[in-house]
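Student: For reference, the chains in residue letters:
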Amino acid sequence: MPAYLSVRVQSEPFNQATEYNTIQESCLHAGAIVSFCGLVRDQNLQQPVTELFLQHYEGMTESLIEELCSEAIEKWSLDGAHVVHRVGALKPNDLIVFVATASAHRGAAFESCQYVIDQLKTRATFWKRETYPEGSRWLDDREEDHTTAEQWKK
Amino acid sequence: MADSVEVLLFGRLGDIAGHERLQLQLSAPQSCAELREALTAQLPQLKSELHKPRTMVAINKTVAQWESQVTANDEVAFLPPVTGG
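In the order they appear, the protein sequences are chains A and B.
The opening residue of the first sequence carries number 1 in my numbering; numbering runs sequentially from there.
The opening residue of the second sequence carries number 155 in my numbering; numbering runs sequentially from there.
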């Protein structure tokens, strides 16, 4: 039976509980589900953030996330993977991204969930622009994110 | 009518250029690297960002290499280092 795979990129807010229920109901043989949420922080380098704008490459973003989810499904023999990522103008404390993976056992679920978000951070075609009282700027990628993603190759 | 490609500029690149999309004339099939040079010739302020080590290029929504060939009517996107999640 093919694994469950759902990837959505949308401007509308999502509800974490609803998304969790969706993967649970779609992976009824799973013994473990692990999920991750990324949120908009209200400050960056001691500057208050008033808005986070997320740009993406429509069409390419979805297929890249599907690709890395498929990698996880194969590597850990998952029952399923589920990703929702918002784009557009977000406010502090808004949910940006939800990642969940389902597996027979918890080891695969924990590792694969981390793999998916670690890979998404360095491969998925999103760009963040933060707005502060004094102005806005496009964020730079973080060296830590690249190091973290590289670890999975070892 | 001359052949052209659609160029997309994401993130900071779009701000620096003042445009998120533009048409570039294509006299013959050329590599992404050559297209980058043509873009820089037209918009020199893009040079630094386009040459950052982690800047990537995509052809028709698929990740490409700098040596990959671009042909008429392709959609070529220049992608700054990504910051999603």
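Mixed in with the good hints, there may be bad ones.
Unchecked claim - Once the Cα atoms are required to be at most 30 angstroms apart in a straight line, the calculated DSSO-like pairs of lysine-lysine come out as:
#: 1; chain 1: B; residue 1: K215; chain 2: A; residue 2: K154
#: 2; chain 1: B; residue 1: K215; chain 2: B; residue 2: K201
#: 3; chain 1: A; residue 1: K75; chain 2: B; residue 2: K201
#: 4; chain 1: B; residue 1: K206; chain 2: A; residue 2: K153
#: 5; chain 1: B; residue 1: K206; chain 2: A; residue 2: K154
#: 6; chain 1: A; residue 1: K75; chain 2: A; residue 2: K154
#: 7; chain 1: A; residue 1: K153; chain 2: A; residue 2: K91
#: 8; chain 1: A; residue 1: K153; chain 2: B; residue 2: K215
Keep in mind that the hints were calculated from the coordinates and are not lab data.
Student: List in ascending order the numbers of the hints, as given earlier, that are violated by the structure.
Tutor: When the structure is compared with the hints, numbers 3 and 7 turn out to be violated.
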